[in-house]
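Chains A and B are the protein sequences, given in the same order.
So in this note's numbering, spot 250 of the first sequence is number 250, and the numbers just go up one at a time.
So in this note's numbering, spot 270 of the second sequence is number 751, and the numbers just go up one at a time.
Calculated from the structure, these hints are not laboratory results.
Values in this document were obtained by computation on a predicted structure and should not be read as measured data.
Positions of the beta carbon are idealized from the N, C-alpha and C atoms, including for glycine.
Incorrect hints may appear among the rest.
Quick list of simulated restraints, FRET-style, between CB atoms [to be verified]: (1) A/ALA379 with B/VAL605: 46 to 52 Å; (2) A/SER49 with B/ALA860: 25 to 31 Å; (3) A/ALA269 with B/ALA522: 28 to 34 Å; (4) A/ARG208 with B/SER549: 36 to 42 Å; (5) B/GLU705 with A/SER336: 32 to 38 Å; (6) B/ARG905 with A/ALA269: 40 to 46 Å.
Computed cross-link-like contacts, BS3-like style, restricted to lysine-lysine with a CA-CA straight-line distance of at most 30 Å [claimed, not checked]: (7) A/LYS205 with B/LYS813; (8) B/LYS854 with A/LYS138; (9) B/LYS940 with A/LYS138; (10) B/LYS686 with A/LYS138; (11) A/LYS332 with B/LYS686; (12) A/LYS332 with B/LYS897; (13) B/LYS897 with A/LYS138; (14) B/LYS619 with A/LYS373; (15) A/LYS415 with B/LYS813; (16) A/LYS367 with B/LYS619; (17) A/LYS22 with B/LYS848; (18) A/LYS415 with B/LYS619.
What the simulated footprint calls covered on chain B by chain A, stretch by stretch (three residues with Cβ under 8 Å from a Cβ of chain A suffice, anywhere in the stretch; the number is not a length) [as the list claims (entries may be wrong)]: (19) 734 to 746; (20) 767 to 776.
Number of protein chains: 2
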Amino acid sequence: MLTYDLTETSLPLYDALYSAVKADILSGRLAPGEKLPSKRALAQHLRLSVATVQNAYAQLLAEGYLYSEEKRGYFVSTIGESLPAPMQKTQGKGSTDLEPAPRPVWFADLVSNSISAEDFPFTVWSRTMRRVILEKEKQLLLPLEFNGTPELRRAIADHLARFRGLSVDPAQIIVGAGTEYLYTLVIQLLGRECRYAVEDPGYAKIRRVYAASGVSFCTVPLDEQGLSVQALEESGAQCVHISPSHHYPTGIVMPVGRRRELLRWASQAPERYIIDDDYDSEFRFSGRPIPTMMSIDENDRVIYMNTFSKTIAPSIRISYMVLPAPLMERFKRAFSFYACTVSGFEQYTLAAFMAEGHFERHLSRMKNRYRTKRDAILAAIRESGLSDLATVYEPNAGLHFLLHLHTDTDDETIKKNAAERGIRISALMDYLADVSHTDFGLPCRHTFVINYSGVEADKFPEIFRRLAESCGGESPLTSRG
Amino acid sequence: MLTYDLTETSLPLYDALYSAVKADILSGRLAPGEKLPSKRALAQHLRLSVATVQNAYAQLLAEGYLYSEEKRGYFVSTIGESLPAPMQKTQGKGSTDLEPAPRPVWFADLVSNSISAEDFPFTVWSRTMRRVILEKEKQLLLPLEFNGTPELRRAIADHLARFRGLSVDPAQIIVGAGTEYLYTLVIQLLGRECRYAVEDPGYAKIRRVYAASGVSFCTVPLDEQGLSVQALEESGAQCVHISPSHHYPTGIVMPVGRRRELLRWASQAPERYIIDDDYDSEFRFSGRPIPTMMSIDENDRVIYMNTFSKTIAPSIRISYMVLPAPLMERFKRAFSFYACTVSGFEQYTLAAFMAEGHFERHLSRMKNRYRTKRDAILAAIRESGLSDLATVYEPNAGLHFLLHLHTDTDDETIKKNAAERGIRISALMDYLADVSHTDFGLPCRHTFVINYSGVEADKFPEIFRRLAESCGGESPLTSRG
Numbered sequence: 001m002l003t004y005d006l007t008e009t010s011l012p013l014y015d016a017l018y019s020a021v022k023a024d025i026l027s028g029r030l031a032p033g034e035k036l037p038s039k040r041a042l043a044q045h046l047r048l049s050v051a052t053v054q055n056a057y058a059q060l061l062a063e064g065y066l067y068s069e070e071k072r073g074y075f076v077s078t079i080g081e082s083l084p085a086p087m088q089k090t091q092g093k094g095s096t097d098l099e100p101a102p103r104p105v106w107f108a109d110l111v112s113n114s115i116s117a118e119d120f121p122f123t124v125w126s127r128t129m130r131r132v133i134l135e136k137e138k139q140l141l142l143p144l145e146f147n148g149t150p151e152l153r154r155a156i157a158d159h160l161a162r163f164r165g166l167s168v169d170p171a172q173i174i175v176g177a178g179t180e181y182l183y184t185l186v187i188q189l190l191g192r193e194c195r196y197a198v199e200d201p202g203y204a205k206i207r208r209v210y211a212a213s214g215v216s217f218c219t220v221p222l223d224e225q226g227l228s229v230q231a232l233e234e235s236g237a238q239c240v241h242i243s244p245s246h247h248y249p250t251g252i253v254m255p256v257g258r259r260r261e262l263l264r265w266a267s268q269a270p271e272r273y274i275i276d277d278d279y280d281s282e283f284r285f286s287g288r289p290i291p292t293m294m295s296i297d298e299n300d301r302v303i304y305m306n307t308f309s310k311t312i313a314p315s316i317r318i319s320y321m322v323l324p325a326p327l328m329e330r331f332k333r334a335f336s337f338y339a340c341t342v343s344g345f346e347q348y349t350l351a352a353f354m355a356e357g358h359f360e361r362h363l364s365r366m367k368n369r370y371r372t373k374r375d376a377i378l379a380a381i382r383e384s385g386l387s388d389l390a391t392v393y394e395p396n397a398g399l400h401f402l403l404h405l406h407t408d409t410d411d412e413t414i415k416k417n418a419a420e421r422g423i424r425i426s427a428l429m430d431y432l433a434d435v436s437h438t439d440f441g442l443p444c445r446h447t448f449v450i451n452y453s454g455v456e457a458d459k460f461p462e463i464f465r466r467l468a469e470s471c472g473g474e475s476p477l478t479s480r481g
Numbered sequence: 482m483l484t485y486d487l488t489e490t491s492l493p494l495y496d497a498l499y500s501a502v503k504a505d506i507l508s509g510r511l512a513p514g515e516k517l518p519s520k521r522a523l524a525q526h527l528r529l530s531v532a533t534v535q536n537a538y539a540q541l542l543a544e545g546y547l548y549s550e551e552k553r554g555y556f557v558s559t560i561g562e563s564l565p566a567p568m569q570k571t572q573g574k575g576s577t578d579l580e581p582a583p584r585p586v587w588f589a590d591l592v593s594n595s596i597s598a599e600d601f602p603f604t605v606w607s608r609t610m611r612r613v614i615l616e617k618e619k620q621l622l623l624p625l626e627f628n629g630t631p632e633l634r635r636a637i638a639d640h641l642a643r644f645r646g647l648s649v650d651p652a653q654i655i656v657g658a659g660t661e662y663l664y665t666l667v668i669q670l671l672g673r674e675c676r677y678a679v680e681d682p683g684y685a686k687i688r689r690v691y692a693a694s695g696v697s698f699c700t701v702p703l704d705e706q707g708l709s710v711q712a713l714e715e716s717g718a719q720c721v722h723i724s725p726s727h728h729y730p731t732g733i734v735m736p737v738g739r740r741r742e743l744l745r746w747a748s749q750a751p752e753r754y755i756i757d758d759d760y761d762s763e764f765r766f767s768g769r770p771i772p773t774m775m776s777i778d779e780n781d782r783v784i785y786m787n788t789f790s791k792t793i794a795p796s797i798r799i800s801y802m803v804l805p806a807p808l809m810e811r812f813k814r815a816f817s818f819y820a821c822t823v824s825g826f827e828q829y830t831l832a833a834f835m836a837e838g839h840f841e842r843h844l845s846r847m848k849n850r851y852r853t854k855r856d857a858i859l860a861a862i863r864e865s866g867l868s869d870l871a872t873v874y875e876p877n878a879g880l881h882f883l884l885h886l887h888t889d890t891d892d893e894t895i896k897k898n899a900a901e902r903g904i905r906i907s908a909l910m911d912y913l914a915d916v917s918h919t920d921f922g923l924p925c926r927h928t929f930v931i932n933y934s935g936v937e938a939d940k941f942p943e944i945f946r947r948l949a950e951s952c953g954g955e956s957p958l959t960s961r962g
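With the rest of the complex left out, here is chain A (with noise of 0.2 Å):
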């Protein structure tokens, strides 16, 4: 009969005897298709409850360690041979290079995006929260709609026809974590034959987007007007990805003239599409938004992508996309079986937060703000050491501009004694994948991508003193005439 001491453990008793017959079975020494004692008997052996005995067999026979024939008993089962050793172990030489690299802490960080904690609605923003989960109960409990909730995509209608002059059915709007996430939506919903061009410069996001997704895709280079028809037209590509509102990192605004010669190229061939990326648009600091490319477009051809994690906070991961009406139809017949994948709290809450005007005077708070902050910043480059080196770029939108500086020395030395100074920047050339691609009508080398948004506008003078170091030489003062 089977003999455990279950009297020095500090487990439940059925625990106890089920890991005690388990382990049993692992070894061996309880051998495939040996019958096990009946659990009265067992019992009875151990001074056990019959319910102890019944508990663990139950969990052996739910995990498949035992099996059960009627009126015969319990028999163990039989698992196979043991598992094959270990190959190569990788987690024996410890998994600390898991661990991600702690955050290195800079003087000013003018490569990421982020936004000052004083910009962001808390109080507004929780408040309405609070309101939702009372007023929405039922609704927070149910599955939500494929492209988000009607309540959001009314309120999303509502904003692009106010600010973007873009008139859309919020039928047509799909809501989703983040425009990565809906990249990869569009890549299947245009197929994976379809090949895609990107800006070049650009985001090196979206090349790797379409890298990872496994689609074939193409650098286009600019000219003075943005993304070059001729070069994509040589391509190949059926779908190009731009920025025309304000590239980046150049700031270049599409003209018109391009834009038009963009639908042209689209409308000529079928299954030829544009994706709007309208990333920063809010931030124009004059004269009215530059107009959608959808709003021009009479042929369908145009996806328009805007983001609320520059507009709200990065860590909001909401996104939208517009779909002319028969891309929507045909994502709704092939993908509308996915979840939405922005939670039912923050779809209700960023609804009732724009249909309250909250988003509205939020936006034009955040405009006034950086306004002020871009003013202080070129008002800085002025005074500062480098007024006579420096020559800025496109300061009139967005929440970075271009510095260029007059000096010999390579970026690559600028970037690293910047950096050994606390300050972090990146050089326009970072955003080329094609070196060759740099007829575009601005200095490619020596200019710098300043993204000001997220620092603190008391530091500027101290940021250019320091570039200003970066330079070279004793000091960059030293090349003046």
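Chain A is already provided as a structure; the job is to place chain B on it using the hints.
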């Protein structure tokens, strides 16, 4: 000189002037290359302020309708021939087909998995969220780590250790917006050449995700112990996607012998993996939870996945996966550029909800509630006209079981009859991709899947009265001996 009557407009004057000039450029009345009057001259002519004309010109310049030459003034841009006429304008036929069909109202929906409102701890969730907003201000605005906040990953690791006996490093965890999204990450991680095997019968959605992602996949039949390893071997797949703790919809719990066979299969060739999709292991009503595949894997071949959509609410889009250390290193190298898809707010809230024991209490409350519901539904079946006509399979776990009806009426007729009586129900056969895959020891025809979690218990007697009716004849009771 350009002449416009701007007295009738409701727009700001600069806007009205901008629109008027733009219209003339688009219509060709103002030809490419034509010089515009100076700002001062036009202002005088139209009795506007110079600033108004300046603003209108600036906007036309920004959008590319005009260009300027230093000291010479403003000229009309070449915007190209007019755009092609719309091709087959789908918007024309009205976008009503885009609107989601109205959700049908069922007396009882036995297909969807939902939870009832009283089950969600609104007060605690809301309080936790409010506190998170107060305490985490700064962190809430920082970009998130690609794999989720350290707090949430730590809470998940603790939960896995306590409830699943699975010891993992929080650095092995990736948090994402739903398991479907995580499947697409795995597809990228294992490479597009990897061939997948899914269980048949099984969740149709899993097949659809693999199909939509364009990877090669096959369906593998089950036997009484779950997925057939021989069939898997013959399929040529490298990665198999299973739910060994509780197969959907059969409810089969894979015995340990079969698990070990699968682990051996995985270890017999490089780059073979098992996805353990542990979608509802929290709701096992008797005994301990079934151990995960990962906890008995010694070769880093198991990817563990789970979701909070079943345990908290379907509208909460938070899932996670645990990667073996070598895969996590690969993920970090190649895919950590992807932003995490779950908002910071919800990650911090869920982390606090778990760390403070609310999740544990919520689970145990839910388990009791579902057990009571399960008992009530089984009692309702026993007391119904169906008692002699029905056999129940696998009611010990999860939020569904199988109901086999001894009837000659075919499944489609029963479903249709039930639908006419307000009961939405699915048949086991609906989950089969290949109708020959029926040798898993359960009757396949006339067997229905009963998802009961979202149905009010007082409806159960009426549901089975209507289901009995749906089996056809005047009343199914006539078939009684």
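Cross-check of the supplied hints:
Separated by about 50 Å at the C-beta atoms, A/ALA379 and B/VAL605 satisfy the suggested range of 46 to 52 Å. Take A/SER49 and B/ALA860: their Cβ atoms lie about 28 Å apart, and the range 25 to 31 Å holds. Range check, A/ALA269 to B/ALA522: Cβ separation about 46 Å, and the 28 to 34 Å hint is violated. The hinted range of 36 to 42 Å is satisfied by A/ARG208 and B/SER549, whose Cβ atoms lie roughly 38 Å apart.
A hinted range of 32 to 38 Å holds for the C-beta pair B/GLU705 and A/SER336, which are about 36 Å apart. A beta carbon spacing of about 44 Å between B/ARG905 and A/ALA269 agrees with the range 40 to 46 Å that was offered as a hint. Our distance criterion of 30 Å between C-alpha atoms is met by A/LYS205 and B/LYS813, whose separation comes to about 15 Å. For a cut-off of 30 Å, the pair hint linking B/LYS854 to A/LYS138 stands: about 20 Å separates their Cα positions.
Between B/LYS940 and A/LYS138 the CA atoms are separated by roughly 19 Å; this keeps the pair inside 30 Å, and the hint holds. Annotation: proposed proximity of B/LYS686 to A/LYS138 holds, straight-line Cα distance about 25 Å (limit 30 Å). Only pairs whose Cα atoms come within 30 Å are accepted, and A/LYS332 paired with B/LYS686 is accepted, the gap being roughly 15 Å. A hinted pair counts as satisfied when its Cα atoms are at most 30 Å apart, and A/LYS332 with B/LYS897 qualifies at roughly 25 Å.
With a CA separation close to 28 Å, the supplied pair B/LYS897 and A/LYS138 stays within the 30 Å bound. The suggested pairing of B/LYS619 with A/LYS373 holds, with an alpha-carbon distance near 20 Å, which does not exceed 30 Å. With a C-alpha separation of about 25 Å, the suggested pair A/LYS415 and B/LYS813 falls inside the 30 Å cut-off, and the hint holds. Distance restraint check for A/LYS367 and B/LYS619: the Cα-Cα separation of roughly 21 Å lies within the 30 Å cut-off, and the hinted pair is therefore satisfied.
About 26 Å separates the Cα atoms of A/LYS22 and B/LYS848, which keeps this hinted pair within 30 Å; it holds. Restraint check: the Cα-Cα separation between A/LYS415 and B/LYS619 comes to about 28 Å, which is no more than 30 Å; the hinted pair holds. Residues of the segment 734 to 746 of chain B with a Cβ under 8 Å from some Cβ of chain A number 11, which satisfies the need for three, so the listed coverage holds. Figure legend: the segment 767 to 776 of chain B, annotated as covered by chain A; annotation consistent (5 residues with Cβ-Cβ distances under 8 Å, at least 3 required).
Violation of the numbered hints given earlier is confined to hint 3; every other hint is satisfied by the structure.
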